[in-house]
Amino acid sequence: MSDTTADLLRETATRLFQEHCEAQQLRAAEREFPAAAWAAVEEAGLHRALVPEEAGGYGVKVTDALSLLRVAGEHALPLPLAETMLASWLLAGAGLPIPDGPLTVAPVATGEALTLTRKDGVWHLQGAASRVPWGRNAVAAAVLAMHEGVPHIALIPAASWTIAEGENLAREPRDTLSFDAAPEAVAPAASGIGPAQLRAVGAAMRSLQMAGALARITAVSVQYAQDRVQFGRPIGKFQAVQQNLAVLAGQTAAASAAADMAAEAVAEGVRLLPIAAAKARTGEAAGQGAAIAHQVHGAIGFTYEHSLHFSTKRLLSWRDEFGNEAEWNLLVGRHMAKAGADRLWAEITAA
Amino acid sequence: MNAFTFAPPPPSSAAEALREEVRDFLKTELSGRTPLQKAESWNGHDPEFSRKMGQRGWIGMTWPKKYGGHERSALERYVVLEEMLAAGAPVSAHWIADRQSGPLLLRVGTEEQRQSILPRIAAGECFFCIGMSEPDSGSDLASTRTRATPVQGGFLVNGTKLWTSLAHLSHYMILFCRTGDGKEDKHAGVSQFLVDLKNTSGLSIRPVNAQSGEHHFNEVVFSDAFLPETAVIGKLGDGWNQVTSELALERSGPERFLSSFAVLVELLRVLGRDPSERAAIAVGRLSSHILTLRRLSRSVAGMLQNGENPALEAAMVKDLGALLEQEIPEVARLLSPVEPSVSSDSDFAAVMAYVMLHAPSFSLRGGTREILRGIIARGLGLR
Numbered sequence: 000m001s002d003t004t005a006d007l008l009r010e011t012a013t014r015l016f017q018e019h020c021e022a023q024q025l026r027a028a029e030r031e032f033p034a035a036a037w038a039a040v041e042e043a044g045l046h047r048a049l050v051p052e053e054a055g056g057y058g059v060k061v062t063d064a065l066s067l068l069r070v071a072g073e074h075a076l077p078l079p080l081a082e083t084m085l086a087s088w089l090l091a092g093a094g095l096p097i098p099d100g101p102l103t104v105a106p107v108a109t110g111e112a113l114t115l116t117r118k119d120g121v122w123h124l125q126g127a128a129s130r131v132p133w134g135r136n137a138v139a140a141a142v143l144a145m146h147e148g149v150p151h152i153a154l155i156p157a158a159s160w161t162i163a164e165g166e167n168l169a170r171e172p173r174d175t176l177s178f179d180a181a182p183e184a185v186a187p188a189a190s191g192i193g194p195a196q197l198r199a200v201g202a203a204m205r206s207l208q209m210a211g212a213l214a215r216i217t218a219v220s221v222q223y224a225q226d227r228v229q230f231g232r233p234i235g236k237f238q239a240v241q242q243n244l245a246v247l248a249g250q251t252a253a254a255s256a257a258a259d260m261a262a263e264a265v266a267e268g269v270r271l272l273p274i275a276a277a278k279a280r281t282g283e284a285a286g287q288g289a290a291i292a293h294q295v296h297g298a299i300g301f302t303y304e305h306s307l308h309f310s311t312k313r314l315l316s317w318r319d320e321f322g323n324e325a326e327w328n329l330l331v332g333r334h335m336a337k338a339g340a341d342r343l344w345a346e347i348t349a350a
Numbered sequence: 000m001n002a003f004t005f006a007p008p009p010p011s012s013a014a015e016a017l018r019e020e021v022r023d024f025l026k027t028e029l030s031g032r033t034p035l036q037k038a039e040s041w042n043g044h045d046p047e048f049s050r051k052m053g054q055r056g057w058i059g060m061t062w063p064k065k066y067g068g069h070e071r072s073a074l075e076r077y078v079v080l081e082e083m084l085a086a087g088a089p090v091s092a093h094w095i096a097d098r099q100s101g102p103l104l105l106r107v108g109t110e111e112q113r114q115s116i117l118p119r120i121a122a123g124e125c126f127f128c129i130g131m132s133e134p135d136s137g138s139d140l141a142s143t144r145t146r147a148t149p150v151q152g153g154f155l156v157n158g159t160k161l162w163t164s165l166a167h168l169s170h171y172m173i174l175f176c177r178t179g180d181g182k183e184d185k186h187a188g189v190s191q192f193l194v195d196l197k198n199t200s201g202l203s204i205r206p207v208n209a210q211s212g213e214h215h216f217n218e219v220v221f222s223d224a225f226l227p228e229t230a231v232i233g234k235l236g237d238g239w240n241q242v243t244s245e246l247a248l249e250r251s252g253p254e255r256f257l258s259s260f261a262v263l264v265e266l267l268r269v270l271g272r273d274p275s276e277r278a279a280i281a282v283g284r285l286s287s288h289i290l291t292l293r294r295l296s297r298s299v300a301g302m303l304q305n306g307e308n309p310a311l312e313a314a315m316v317k318d319l320g321a322l323l324e325q326e327i328p329e330v331a332r333l334l335s336p337v338e339p340s341v342s343s344d345s346d347f348a349a350v351m352a353y354v355m356l357h358a359p360s361f362s363l364r365g366g367t368r369e370i371l372r373g374i375i376a377r378g379l380g381l382r
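Going line by line, the protein sequences match chains A and B. Residue numbers are given in numbering that gives the first Met the number 0: position 284 of the first sequence equals residue 283, and the series is strictly consecutive. Residue numbers are given in numbering that gives the first Met the number 0: position 83 of the second sequence equals residue 82, and the series is strictly consecutive.
Simulated from the structure, these hints should not be mistaken for lab results. Since this is a predicted model, take the numbers as computed values, not measurements. We put the beta carbon where it would ideally sit given N, CA and C, even for glycine. Treat the hints with caution; some may be incorrect.
Stated by the list, open to error - Label-pair restraints from in silico Cβ distances:
hint	chain 1	residue 1	chain 2	residue 2	range
1	A	11	B	16	57 to 67 Å
2	B	222	A	231	41 to 51 Å
3	A	226	B	326	32 to 42 Å
Unchecked claim - Below, a list of computed lysine-lysine pairs in the DSS-like style, where the Cα atoms sit at most 27 Å apart:
hint	chain 1	residue 1	chain 2	residue 2
4	B	185	A	236
5	B	197	B	234
6	B	185	A	337
7	B	26	B	65
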């Protein structure tokens, strides 16, 4: 796909998300799944962007496909776009069919695993997966489970699980799904894809979403500082406020570069180290950035009426999903320590 | 928000081939240097080492061959720089000349200046310092008072430059001073001159020792120092524009986030291959920051290569980089108990001491944190 086509895809996504992510729509989405918005996403085919051409996708470059999630994060898109992309990618990699409709993935919480068994040629999936994003809205899930030491992907329809509803700070569904049923189809995961890779691609996706949300809160905070007048001038004229906004812009730039690094690492076969560093770095930027955006906005940004919280609550949630900073920095730190002091630099340049 | 888009660094396989060559060179050349010496980072001064780098073709790498350069890419140059810094090579003798004085002459210098000086810089035999700050002109560079007054055949310079790094070990200074009548806008009427430090009368260089006791800074006093007309760099009165276009070069390189890398190396040595979870998380965090900054910094190198002027992006790299450089020793001291001392038998304690004594300068030199953030705020449209 040429750069122009990729730009066109991003433009389509931007236009579509703008249309469906007005403040009142984001408010409504906290109560009810925005089915019309999802239909528009499916219509545009955005949810299939990560599916390889040979599996029926459009042959979008992996980094371009993932860049849609930055746009989604910028608009606080209240839809399981990342999750459906991830599930489709897992299913396609395993050669399994990809159902229409919103999809999700499991397990996603640290340390959780589901049990996949096979008896007399019949597969069975058992166990509970917590914090599954958009579980209640998904028509099916792509589950990654080990069988005889080999990672397998199971396609399991929503009718086959029971659900206990939960949510994140932004009131996005994060549900517990309990399985005790036969999946619709099972196959070994694509070569090199296991639990760590599922988690890493999820982390890369959240990194891109956070980079987008940070860009948004930087833009709206700068605008607010130019509009809000106190002591007879826009608060953005005060050096103390300028310095805070400069720090916010710096964190946004760092998150953006880190997210790009993660997207490239997914494209290069899900390289864990750069993704780990990226998720940790964007997560750190998310916390610092959200705090500054609120500080600049003052009391109005703390109200439900104002739309800042749609971005900041997502930032504070996403940094904890698919592994927080401690989890991913631990991976990076262990890797560096194992390589040793004299190999540290070589590891950094090779990452 | 387009001001802050950092495009992916351009890929360069030639640069990766070069990396191995540089590593082999450093392995031999630095074998005798202690961790404390390596901690000097780009403050380490060794003319012999600079000459060897010149012989390898690693100074003035991107310049035209006719001026002694090697016409290599900005990314190849970047590889040499970062390998030198990460290994703790003593690069300070030629650093300023390679980074900004040479490029300035290349951009706006006269043909004679280029031909007489650039090949010597590239050979690692000609070192530069920068005469910008003054006793009453630090961050407010435009308030500079040193003045060059036109006389027959040239100029007489009077005034005092301060914090001039390595003036006592350099061959030339790029002097920034007033040449207008003082009535115009303060950004107008300033110019840059090439000062031959070894052959100019009326010039005195006195040490100003740093808190570590080292002689790095100087006070340079001009008393009716005569500069010939040929010493003018670029256009008379255009000094402000010329100097601000150097800033992207000055603020975006790997020296802006690797100044305390030696601490991380020695910390890792002390912690061993299987550190506690707490220590591994902390080391991982610092490494994640380095990976991110390196990407930002290489992205700016790509913009420079494309002929852009990424002054804003460079300010951002330097601000984030200085925060990290200053945080590394603060994190390290709590992971492995240490009482920093340059005379310690422990490499970790010695390296910690060196870096802690220099850390305050990381967010001062090359533009203070406050100035950088002001530049970023301007880029955001707030000023």
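Checked hints:
Checked against the hint of 57 to 67 Å, the C-beta distance between residue 11(A) and residue 16(B) comes to roughly 41 Å, which is inconsistent with it. Roughly 49 Å separates the CB atoms of residue 222(B) and residue 231(A), a value that falls within the hinted 41 to 51 Å. For the pair residue 226(A) and residue 326(B), the beta carbons lie near 34 Å from each other, so the given range of 32 to 42 Å is met. For the proposed pair residue 185(B) and residue 236(A), the alpha carbon gap of about 22 Å is at most 27 Å, so the pair holds.
About 24 Å separates the Cα atoms of residue 197(B) and residue 234(B), which keeps this hinted pair within 27 Å; it holds. Using a Cα cut-off of 27 Å, the hinted pair residue 185(B) and residue 337(A) is violated, with the two alpha carbons roughly 56 Å apart. At most 27 Å may separate the alpha-carbon atoms for a hinted pair to count; residue 26(B) and residue 65(B) exceed this at roughly 31 Å.
This entry does not satisfy hints 1, 6, 7, going by the numbered hints stated previously.
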